[in-house]
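Undergrad: Chain residues, written in single-letter form:
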Amino acid sequence: MLLALLRKEFMEHVLSLRFIVASILSLVLVIVSLIVLKGDYETKKEAYDINRTAFRKEAERRDSYSELELEGIQVERPPQKLQVSYYGLEKLEDKTARVMAYLVPVTYGQLYKSPVSALFPTPDMLYVVAVVLSLMAFVFSYDAISGERESETLKLALSYSVPRDKFILAKWLGGYFSLVTPFAVALVLAALIILVSRGLGFAPRQWAAYAVAAFASFLFIAVMFSLGLFVSCRCRRSATAIMVLLFIWVGMVLMVPNVSPYISNMVTRVTPYDVVENEIRQEVNDEVRGFMGEMGDIQREFGTRFRQGGVTAEQARQEFGERMEKLWDDLQETTNTVGERKWLEYERQLNRQVGVAKMMSRISPVSSYVYIVTDMAETGVRKQLHFANALREYQKLFRQYVHEKTKSSLRGRAHFFFGDRESEYDISDMPEFDYVGESISARVAGSLLDFGILAVAAVIFFMAAFLSFLRVDVI
Amino acid sequence: MLSVLVKKEILNNILSFRFAVTFLMFFLLIGGSMVMMAANHDKQRRDYYNATSAYRERVDQMRDFNEFELFGMTSRREPNPLSIFAMGLEADMSRSVTNSEMQGLQVGGTPYANPLFALFSTPDVAYVVSIIVSLLAILFVFDAVSGEKEEETLKLVLSNSVPRDALLMSKCIGGLVCLCMSFLISLGVGLLIARVSMSLVLAPTQWLRIGGIVLVSLLYISAFLMLGLFISTCTQRSGTSLMISLLAWVVLVLGIPNLVPVVARQMMPLPSMARMEGEEEAIRNEEYDKARQKMSRDMSREQRSALYNEARRAVQTRMELLQSNYENRFMQQVSLAMVMSRVSPSACFTYASTAFAGTGVDAYTGFVRYVHLDFRRLFEQSLHDVREASRSARAGVGAVDVKRLPVFAPKEQTIQLSLKKSLIDIGLLCGYTTLFFLGAFIRFLRYDVK
Chain A
1 MLLALLRKEF MEHVLSLRFI VASILSLVLV IVSLIVLKGD YETKKEAYDI NRTAFRKEAE
61 RRDSYSELEL EGIQVERPPQ KLQVSYYGLE KLEDKTARVM AYLVPVTYGQ LYKSPVSALF
121 PTPDMLYVVA VVLSLMAFVF SYDAISGERE SETLKLALSY SVPRDKFILA KWLGGYFSLV
181 TPFAVALVLA ALIILVSRGL GFAPRQWAAY AVAAFASFLF IAVMFSLGLF VSCRCRRSAT
241 AIMVLLFIWV GMVLMVPNVS PYISNMVTRV TPYDVVENEI RQEVNDEVRG FMGEMGDIQR
301 EFGTRFRQGG VTAEQARQEF GERMEKLWDD LQETTNTVGE RKWLEYERQL NRQVGVAKMM
361 SRISPVSSYV YIVTDMAETG VRKQLHFANA LREYQKLFRQ YVHEKTKSSL RGRAHFFFGD
421 RESEYDISDM PEFDYVGESI SARVAGSLLD FGILAVAAVI FFMAAFLSFL RVDVI
Chain B
1 MLSVLVKKEI LNNILSFRFA VTFLMFFLLI GGSMVMMAAN HDKQRRDYYN ATSAYRERVD
61 QMRDFNEFEL FGMTSRREPN PLSIFAMGLE ADMSRSVTNS EMQGLQVGGT PYANPLFALF
121 STPDVAYVVS IIVSLLAILF VFDAVSGEKE EETLKLVLSN SVPRDALLMS KCIGGLVCLC
181 MSFLISLGVG LLIARVSMSL VLAPTQWLRI GGIVLVSLLY ISAFLMLGLF ISTCTQRSGT
241 SLMISLLAWV VLVLGIPNLV PVVARQMMPL PSMARMEGEE EAIRNEEYDK ARQKMSRDMS
301 REQRSALYNE ARRAVQTRME LLQSNYENRF MQQVSLAMVM SRVSPSACFT YASTAFAGTG
361 VDAYTGFVRY VHLDFRRLFE QSLHDVREAS RSARAGVGAV DVKRLPVFAP KEQTIQLSLK
421 KSLIDIGLLC GYTTLFFLGA FIRFLRYDVK
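Residue numbers (the working numbering), protein chains in the order written: chain A, 1 to 475; chain B, 1 to 450.
Heads up, a few of these hints could be off.
[Unchecked claim] Here are the computed lysine-lysine pairs in the DSBU-like style, where the Cα-Cα straight-line distance is at most 35 Å:
hint, chain 1, residue 1, chain 2, residue 2
1, A, Lys342, A, Lys113
2, A, Lys326, A, Lys113
3, A, Lys45, A, Lys358
4, A, Lys155, B, Lys155
5, B, Lys411, A, Lys91
6, B, Lys450, A, Lys155
7, A, Lys44, B, Lys421
8, A, Lys155, A, Lys45
9, A, Lys358, B, Lys43
10, A, Lys91, B, Lys8
11, B, Lys43, A, Lys113
12, A, Lys113, B, Lys420
13, A, Lys342, A, Lys91
14, A, Lys91, B, Lys294
15, B, Lys420, B, Lys43
16, B, Lys403, A, Lys342
17, A, Lys326, A, Lys57
18, A, Lys358, A, Lys342
19, A, Lys57, A, Lys45
20, A, Lys396, A, Lys91
21, B, Lys43, A, Lys342
22, A, Lys113, B, Lys421
23, A, Lys396, A, Lys358
24, A, Lys113, B, Lys411
25, B, Lys411, A, Lys44
26, B, Lys421, A, Lys91
27, B, Lys421, A, Lys8
28, A, Lys113, B, Lys290
29, A, Lys91, A, Lys358
30, B, Lys290, A, Lys57
31, B, Lys155, A, Lys113
32, B, Lys421, A, Lys57
Note that these hints are calculated values from the structure, not bench results.
For clarity, every value in this text was computed on a predicted model and none was experimentally measured.
Please construct the entire structure, taking both the sequences and the accompanying hints into account.
TA: What follows is the structure, given as structure tokens:
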């Protein structure tokens, strides 16, 4: 019985205009956007390769380690491969950062980017599922029950020994599978295009992420379809059902996720980074000035003692080096502490604001879906924080490296008095910034809450539709 | 006859559930968006003043020119109050711009900012109108003709001496009046609340710009209303009208404007900024090396200074040429994307509304030109004065004179220019409205009402 009903529902949908519309939209938008974004990725990859070499050469052209320490080094993270499907925050283009020894690394963008692209959202797979397919889910389901009631075929069907539970289950399964079939075909075609693309080359972890994101897409469509079915059960007329569903769609898809960052911005306080940076720079400058003053005093002291014959050259070199090293270590520790403390406070405030916005936006299943797929593709919120942390970790390595090199230069300052040669500038042994994304397991673990929300929403809406239908008046 | 029909249509619309839902949504979305965006703008203005003061304080604390040279000059553009209506490219123009002799020009400069603003579209008035109101306009009229045919009231009406053209006109006017009144009331209430609660103060020219945005919004709503009506006259069943209307909406609002810019980027790719910076670096090295080769030990300080200035001018000229060539190519890419996307009324509306708000493509390209060329030139010229003044000043706090630094003031487009730039989009919106209406008219004259 269930199979017969299911076959009937499926065929009814497949032979309808809405299936043709859904198929055209799914296939055309997914494939065209993939091809276009693939080209975009290849351009960004080329720019990344050029930049990596250029930044290294820029650092090699410095005259001394002190100059390197002061001016820092530019680094960049590579473009994410899965942006061809889930563009997310790749639009920001803030992939380049200047890492200096003392200040928190900051990312820089560019003004020369297409303003027309910035005005309109990128039509990637996320957009197709979150906006287009969610609308199609409502279009497929709005008249599932209310339409049959209006055309009086519902009472006809139920006047036979057709159990209501099987009827509604067949409606759900038939409608859902007819909706996801074109999308599944589009996913497979997209995977084939990625597979044959030379410039793209997904690694196993990227394929795993692609599969997880696809699963999230199917789950999200199930949520929207169940909701549509529930509203159809509750409304007597399909015109009323479609209006209610469109009202819900506008709120869930176009408003709630977009409004929540602004509301969060109003209710939570984050000190602007410029003010934080100012405070860090002032404190660091004060410490550096203090250091320069003390260094000058020590130099004068040794100069006087040496001229008066109070110390030998060897003794002076050793003592001077030890005192300078201690002074330098103290400076490093103080400046690191200042920067770290201020940064952690800023990060705490910002994470709180982001957390509040995310929780508010999760009223809409669209938000949960967006967070899952962008985190899987490493183009989401988690990636931003991961990149910021990776920069700070690299800064520690960089600071340690220049600290060691300039320490020997400081000892070498004794050459002014003792004729020693200064150490040569050679950064062939400088650690490179190799950005490694989060592991797939970490990303999945981070998305469990959103998966849970989608799963629970799908079950709740389906149960609501089920229970409503059991009681619906078919006359 | 027409007035009777119009009155009937308006009453039918007002008493329908659909109108109640539409009016409620307009009120919540447009009014809510205005209040929220006004609050956001208020905060942005406070952040701007805090950041500017923080920077001035930092410069005042600098003890010598070397500190200034290392960290550079950070400038910001004051937030535009009209971004409440159409955010457009305001976020990109609000980023800080840092000029330094050592590191060149850098844009942005944040370690980690709230990424959710970039992950989701800004829910400003233009977004609400472009995406949501257009959908509501289509849903308002998708069954205006096909629905009446299904209910068999259409043949009843036309069996009397009711001219078809009058009937169609009444549907157009009735729909337009209901939708436009709802829009204007919601906008007015939102503006009033924003004015009172957020102390939103606007100059007279800004009110004119708001008028322009409202006009463009009304044209846009009309275009989609006519499109919905046209589709309704092409089909016999309201279910079919709904499907085709939704497909048309998805293609025109969600498809074309979003796909076209990405396609244009592939058709006319720009050299990467990495390549550009490499060329700039090569120019600097070449000119300064030439100057160093000409210098000799027996040259006086003035002669060395003259050589250095000559090199600096040569660098400036060549950089400007390089920038200018890049900019031309950049503008060609932008123009291509805009021309291709204007097939969609949604794109025309976005360009026109952001042009009036001063957050559009022209404002952005003007800003980019100002930052890369005009202000950069001003900065480099003033650097010399600031250096000299700090040398002659006593070393210590206040060594860098803030008053000698150039003021960052990108020019705002005049309203006449904004109107001129929007004329093509306004013209296209009028064209689309007329085309869809004519289509509906011709189709309805031949429509089978049985």
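Undergrad: Indicate, hint by hint, whether the structure satisfies it.
TA: Hints and how they fare:
1. A/Lys342 to A/Lys113: Roughly 32 Å between the alpha carbons, so the hint for A/Lys342 and A/Lys113 holds.
2. A/Lys326 to A/Lys113: Cα-Cα ~48 Å, so violated.
3. A/Lys45 to A/Lys358: Holds. A/Lys45 to A/Lys358 sits at ~31 Å (cutoff 35 Å).
4. A/Lys155 to B/Lys155: Cα-Cα ~30 Å, so holds.
5. B/Lys411 to A/Lys91: Given pair B/Lys411, A/Lys91 holds - Cα atoms ~27 Å apart, limit 35 Å.
6. B/Lys450 to A/Lys155: Holds, because 29 Å separates the two Cα atoms, which is no more than 35 Å.
7. A/Lys44 to B/Lys421: Answer holds: A/Lys44 to B/Lys421 is near 32 Å, not above 35 Å.
8. A/Lys155 to A/Lys45: 61 Å, violated
9. A/Lys358 to B/Lys43: 20 Å, holds
10. A/Lys91 to B/Lys8: 50 Å, violated
11. B/Lys43 to A/Lys113: Holds, at roughly 27 Å.
12. A/Lys113 to B/Lys420: This hinted pair holds, its Cα atoms lying about 24 Å apart.
13. A/Lys342 to A/Lys91: 28 Å, holds
14. A/Lys91 to B/Lys294: 47 Å, violated
15. B/Lys420 to B/Lys43: Satisfied, since the Cα-Cα distance of roughly 32 Å is no more than 35 Å.
16. B/Lys403 to A/Lys342: 30 Å, holds
17. A/Lys326 to A/Lys57: At roughly 32 Å apart (the allowed maximum being 35 Å), A/Lys57 and A/Lys326 satisfy the hint.
18. A/Lys358 to A/Lys342: 24 Å, holds
19. A/Lys57 to A/Lys45: 19 Å, holds
20. A/Lys396 to A/Lys91: 28 Å, holds
21. B/Lys43 to A/Lys342: 22 Å, holds
22. A/Lys113 to B/Lys421: 21 Å, holds
23. A/Lys396 to A/Lys358: Distance of about 31 Å is within 35 Å: holds.
24. A/Lys113 to B/Lys411: Roughly 20 Å between the alpha carbons, so the hint for A/Lys113 and B/Lys411 holds.
25. B/Lys411 to A/Lys44: The given pair, whose Cα atoms are some 32 Å apart, holds under the 35 Å limit.
26. B/Lys421 to A/Lys91: Since the Cα atoms of B/Lys421 and A/Lys91 sit roughly 27 Å apart, the hinted pair holds (cutoff 35 Å).
27. B/Lys421 to A/Lys8: 56 Å, violated
28. A/Lys113 to B/Lys290: 34 Å, holds
29. A/Lys91 to A/Lys358: 20 Å, holds
30. B/Lys290 to A/Lys57: 21 Å, holds
31. B/Lys155 to A/Lys113: Given pair B/Lys155, A/Lys113 is violated - Cα atoms ~56 Å apart, limit 35 Å.
32. B/Lys421 to A/Lys57: Violated, because 44 Å separates the two Cα atoms, which is more than 35 Å.
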